[in-house]
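K.L.:
Once you've looked at the hints, go ahead and assemble the two chains, each given alone in its own frame, into the complex.
Here is how the chains run, residue by residue.
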Amino acid sequence: GNSVTQMEGPVTLSEEAFLTINCTYTATGYPSLFWYVQYPGEGLQLLLKATKADDKGSNKGFEATYRKETTSFHLEKGSVQVSDSAVYFCALSERSGGYNKLIFGAGTRLAVHP
Amino acid sequence: NAGVTQTPKFRVLKTGQSMTLLCAQDMNHEYMYWYRQDPGMGLRLIHYSVGEGTTAKGEVPDGYNVSRLKKQNFLLGLESAAPSQTSVYFCASSSDPTPADTQYFGPGTRLTVL
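In the order they appear, the protein sequences are chains A and B. Residue 45 in the working numbering sits at position 45 of the first sequence; the count goes up by one each step and never skips. Count along the second sequence from 1, add 114, and you get the number used in the working numbering.
To be clear, the hints were calculated from the coordinates, so they are not data collected in a lab. Careful, some of the hints might be misleading.
To be verified - Simulated pairs of lysine-lysine, DSSO-like, Cα-Cα distance not exceeding 30 angstroms:
| # | chain 1 | residue 1 | chain 2 | residue 2 |
| --- | --- | --- | --- | --- |
| 1 | A | Lys-60 | B | Lys-123 |
| 2 | A | Lys-101 | B | Lys-184 |
| 3 | B | Lys-123 | B | Lys-184 |
| 4 | B | Lys-185 | B | Lys-123 |
| 5 | A | Lys-101 | A | Lys-52 |
| 6 | B | Lys-185 | B | Lys-171 |
| 7 | B | Lys-171 | B | Lys-123 |
| 8 | A | Lys-52 | B | Lys-171 |
| 9 | A | Lys-101 | B | Lys-123 |
| 10 | B | Lys-171 | A | Lys-101 |
| 11 | A | Lys-68 | A | Lys-101 |
| 12 | B | Lys-171 | B | Lys-184 |
| 13 | B | Lys-128 | B | Lys-171 |
| 14 | A | Lys-68 | A | Lys-52 |
| 15 | A | Lys-77 | A | Lys-56 |
| 16 | A | Lys-77 | A | Lys-101 |
| 17 | A | Lys-101 | B | Lys-185 |
| 18 | A | Lys-60 | A | Lys-77 |
These numbers were taken from a predicted model, which means no experiment stands behind them.
Pulled out of the complex, with its shape left as it was, chain B reads as follows (with noise of 0.2 angstroms):
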């Protein structure tokens, strides 16, 4: 069972460079999230869905486009790619829409932006 995947792990970019982020769950489920790590600062949402076909804006959404084409897949692009975004980006999904939802999380894709 390989839960959530994220591809690539690490990554590289200049400043205005444009990529896409690939997460992956096989476990069925209809929300899918991404948020993005940063020192000293927890993990903040970026998007999110609740189902195939919808996005939403999370708490930091500036700068980042989603997809959710598939149930299976949720897709964080990045048009122009800045300094500022230079972080940690993980992919979560969960399937019960209450407040008890435990959200499974992907090993994460380490960006750098020079």
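The following block holds chain A by itself, in its conformation from the complex (with noise of 0.2 angstroms):
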């Protein structure tokens, strides 16, 4: 089935450091892609997504290309701030049983540090 594999951390950076964090995944057909970002004692909420290869998701600073033929969707951030301190899940969606399934990779805690 599908799946996503991402870097495992902790990953601990000084601040202003450049910032990557490994994403593969596996899946047939064309999912999206997703970067899902959970701050200390919160819920995930949604940092950037790519619909289709090529794309590329951008938010605050952070970018991740959907690279179909490595089938890769690494984030990455050219300045960390102590603020990105947080826990970053790489997921893809696929149609399944008439809703959109989330597949999650396993978290890479990032601590950013002054």
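P.N.:
Pasting the structure below:
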């Protein structure tokens, strides 16, 4: 079945460092791809998404490009801040039984220090 | 705009006790979902609903029941709690039946079963 694999954490960075969190997927067809973020003590919220190959999703300085040839959707940010400390989930969406099934990766914890 | 709300936020149960988790959304969404989040496993779908009066099983439905009597509410029940049901439970809702659908999550309920 379809699946999402993302790099294990925790990832620890200093403020203003460059961030990459790797995400690869296995899917039949053409799923939509998402990054969700979970700040401490909160629920998940959508960070960005891409719905077809070569699309780039972006939000709050984060970017990810849907790469069909490498089945990847890596998350990047040029200069992280302490406030970016959170758990990041890569996910894909597939149509299943009349609804859109979200399949999540295990999550990557990011800790940014001043 | 409250979005998706969940009650309670925390609960401790003894093995064999029952409880109901309440999810409410004020966005007039048709689709609602219950997930559980366990360390290192991302989120897994327990049950979902594609509209008022409908429910269906997700990936890990055993030990849980749900009801969607009103469009805005989605209840998750544990009839006889087990320690394996210790987890963080998230409710989500969405409106768009396409794979680009964004799901909106509540803040979560942390459940401990002793």
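K.L.:
Evaluate each hint against the coordinates.
P.N.:
Tested hints:
| no. | hint | result |
| --- | --- | --- |
| 1 | Lys-60(A) / Lys-123(B) | holds, 28 angstroms |
| 2 | Lys-101(A) / Lys-184(B) | holds, 22 angstroms |
| 3 | Lys-123(B) / Lys-184(B) | holds, 22 angstroms |
| 4 | Lys-185(B) / Lys-123(B) | holds, 22 angstroms |
| 5 | Lys-101(A) / Lys-52(A) | holds, 17 angstroms |
| 6 | Lys-185(B) / Lys-171(B) | holds, 18 angstroms |
| 7 | Lys-171(B) / Lys-123(B) | holds, 24 angstroms |
| 8 | Lys-52(A) / Lys-171(B) | holds, 29 angstroms |
| 9 | Lys-101(A) / Lys-123(B) | holds, 25 angstroms |
| 10 | Lys-171(B) / Lys-101(A) | holds, 12 angstroms |
| 11 | Lys-68(A) / Lys-101(A) | holds, 20 angstroms |
| 12 | Lys-171(B) / Lys-184(B) | holds, 18 angstroms |
| 13 | Lys-128(B) / Lys-171(B) | holds, 25 angstroms |
| 14 | Lys-68(A) / Lys-52(A) | holds, 8 angstroms |
| 15 | Lys-77(A) / Lys-56(A) | holds, 13 angstroms |
| 16 | Lys-77(A) / Lys-101(A) | holds, 27 angstroms |
| 17 | Lys-101(A) / Lys-185(B) | holds, 20 angstroms |
| 18 | Lys-60(A) / Lys-77(A) | holds, 9 angstroms |
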